[in-house]
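**Q** Read off the chains here:
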Amino acid sequence: MLNLLKKELKLSSSVLSYFFILFGLITFFPGYPILVGAFFVCLGIFQSFQYAREANDILYSALLPVKKSDVVKSKYLFCVFIELCAFILSAAVTLLRMTVLSSAPAYRANALMNANPAFLGLTLLIYGCFNAVFVCGFFKTAYGFAKPFIRFIVAAFAITGAGETLHHIPGLEAFNAFGFDNAGLQIAVLISGAVLYTVLTLLSFRRASSLFEKIDL
Amino acid sequence: MSIAQVRSLCKEYPSFTLSDVSFELHKGRITGFIGRNGAGKTTTIKSMLNLVHPSSGEIEYFGLPLKENEAQIKQRIGYSTGAVNYYPKKKIRDIVSVTKTFYSNWDENAYREYLRLFAIDENKKPSELSDGMKVKLNLLLALSHRAELLILDEPTSGLDPFSRDELLEVFIELKNRGAAILFSTHITSDLEKCADDIVYIQNGKIAASCTADEFEKHFVSDGESLEEAILRMERGVKNA
Chain A
1 MLNLLKKELK LSSSVLSYFF ILFGLITFFP GYPILVGAFF VCLGIFQSFQ YAREANDILY
61 SALLPVKKSD VVKSKYLFCV FIELCAFILS AAVTLLRMTV LSSAPAYRAN ALMNANPAFL
121 GLTLLIYGCF NAVFVCGFFK TAYGFAKPFI RFIVAAFAIT GAGETLHHIP GLEAFNAFGF
181 DNAGLQIAVL ISGAVLYTVL TLLSFRRASS LFEKIDL
Chain B
1 MSIAQVRSLC KEYPSFTLSD VSFELHKGRI TGFIGRNGAG KTTTIKSMLN LVHPSSGEIE
61 YFGLPLKENE AQIKQRIGYS TGAVNYYPKK KIRDIVSVTK TFYSNWDENA YREYLRLFAI
121 DENKKPSELS DGMKVKLNLL LALSHRAELL ILDEPTSGLD PFSRDELLEV FIELKNRGAA
181 ILFSTHITSD LEKCADDIVY IQNGKIAASC TADEFEKHFV SDGESLEEAI LRMERGVKNA
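Protein chains in written order, with my numbering: chain A, 1 to 217; chain B, 1 to 240.
Keep in mind that the hints were calculated from the coordinates and are not lab data.
25 Å max Cα-Cα, derived DSS-like pairs, lysine-lysine:
(1) Lys89/B / Lys125/B
(2) Lys124/B / Lys89/B
(3) Lys27/B / Lys193/B
(4) Lys68/A / Lys100/B
(5) Lys214/A / Lys68/A
(6) Lys6/A / Lys90/B
(7) Lys214/A / Lys67/B
(8) Lys147/A / Lys68/A
(9) Lys90/B / Lys68/A
(10) Lys6/A / Lys100/B
(11) Lys214/A / Lys67/A
(12) Lys124/B / Lys10/A
(13) Lys100/B / Lys10/A
(14) Lys73/A / Lys89/B
(15) Lys27/B / Lys175/B
(16) Lys67/A / Lys140/A
(17) Lys214/A / Lys147/A
(18) Lys89/B / Lys6/A
(19) Lys73/A / Lys214/A
(20) Lys67/B / Lys68/A
(21) Lys67/B / Lys100/B
(22) Lys124/B / Lys91/B
(23) Lys73/A / Lys100/B
(24) Lys90/B / Lys73/A
(25) Lys67/B / Lys140/A
Residues on chain B that point at chain A, a partial pick, calculated with CB under 10 Å:
(26) Lys74
(27) Tyr79
(28) Asp94
Covered stretches of chain A (in silico footprint by chain B; criterion: 3 or more residues with CB under 8 Å from a CB of chain B, positions within the stretch not fixed):
(29) 1–7
(30) 53–59
(31) 63–69
(32) 206–217
From the three backbone atoms N, C-alpha and C, an ideal C-beta is built for every residue, glycine too.
Sequences are here, hints too, so could you generate the full structure?
**A** Below, the structure is given as structure tokens:
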């Protein structure tokens, strides 16, 4: 499994995928819809799919002494690796905003989504959607990525829109509570996001493997 | 000894059908796979590598069905095609360093030997190589893990006559070491130079699968070269 990930990191990826991990730092921005950072991280991964197609990576991988489903596994491993790197970055910034930066006026007067565990849960949901909608959709053909990416854009912005709207609905302000107020509820959202991320990734991996098995290269 | 068997392979496309393709590959023998463009050579080879899904038929290597033993079988076979350009902007050194981690039988000495023979600079990128050198790079990767069977899709296309001759010498050396080779080609002189067996495909059907001597006996008329015989057979199909 490690050699599959090494192949992705060394041969099949675009440098933009690594660079775009830094969009996890968008979590620092006050007065900005910070969930968009997760979308940019996915945009970076998308660049690697483009690069890999130009480099005949899928055919090369399918000719290696691995099962066909391992070709799919290697792409999922790469996506999960980048997503988790960006998630750790966002989580670290979230922690800073909730602790040492908690008294900063810009964060106190923030009209948009605050960096808190609920935000991290929604970030994971966006990553899960990328794996389920884009990566799985790509393996229908192992070639076409425009339609799956457009579908992902719609899903990502729907989640971002919902995340930014939810806490303005009376009674749901707790989702966006500042600092450690309502931490229990927000951690529940984070755990739900983690569970959904895992389920979406695993189920879509199975589906993508089955789709890839059926196509002729 | 048969090390690969293709039995009753069929593949249907809207405008082309591969029907009932059967042949065997033997240890220590070179098999030339010949046929005109679109005859079904690449479809057959891709089916043998599980890249396309045959409508029916069986493919076995070393007595094992391909479907259930794909990873294990691919450790023991090598594949190269002249046309495809992998990772054009990566250094050859990096491509090799990743590729070799997948092969338990990777032979660093053999790799160095073929690197010298093919005069490939590891610090170059595939995009910096000529078409002929790209063919050699693909062959280098296929030859460096002690493959018992090499499946080569038009390995001599794009090579200059000297390199082609050098490559055919490599095939003969590998055959003498016990490897089996299947190579598709349009160049009949390549067959005359080194093929022990010939598989001839016409319009998706096997027209002949026999030793080179038998092929000459049954299909080549007196005073006719192999190329002339194949051209005559192709015209026969076209006129039929």
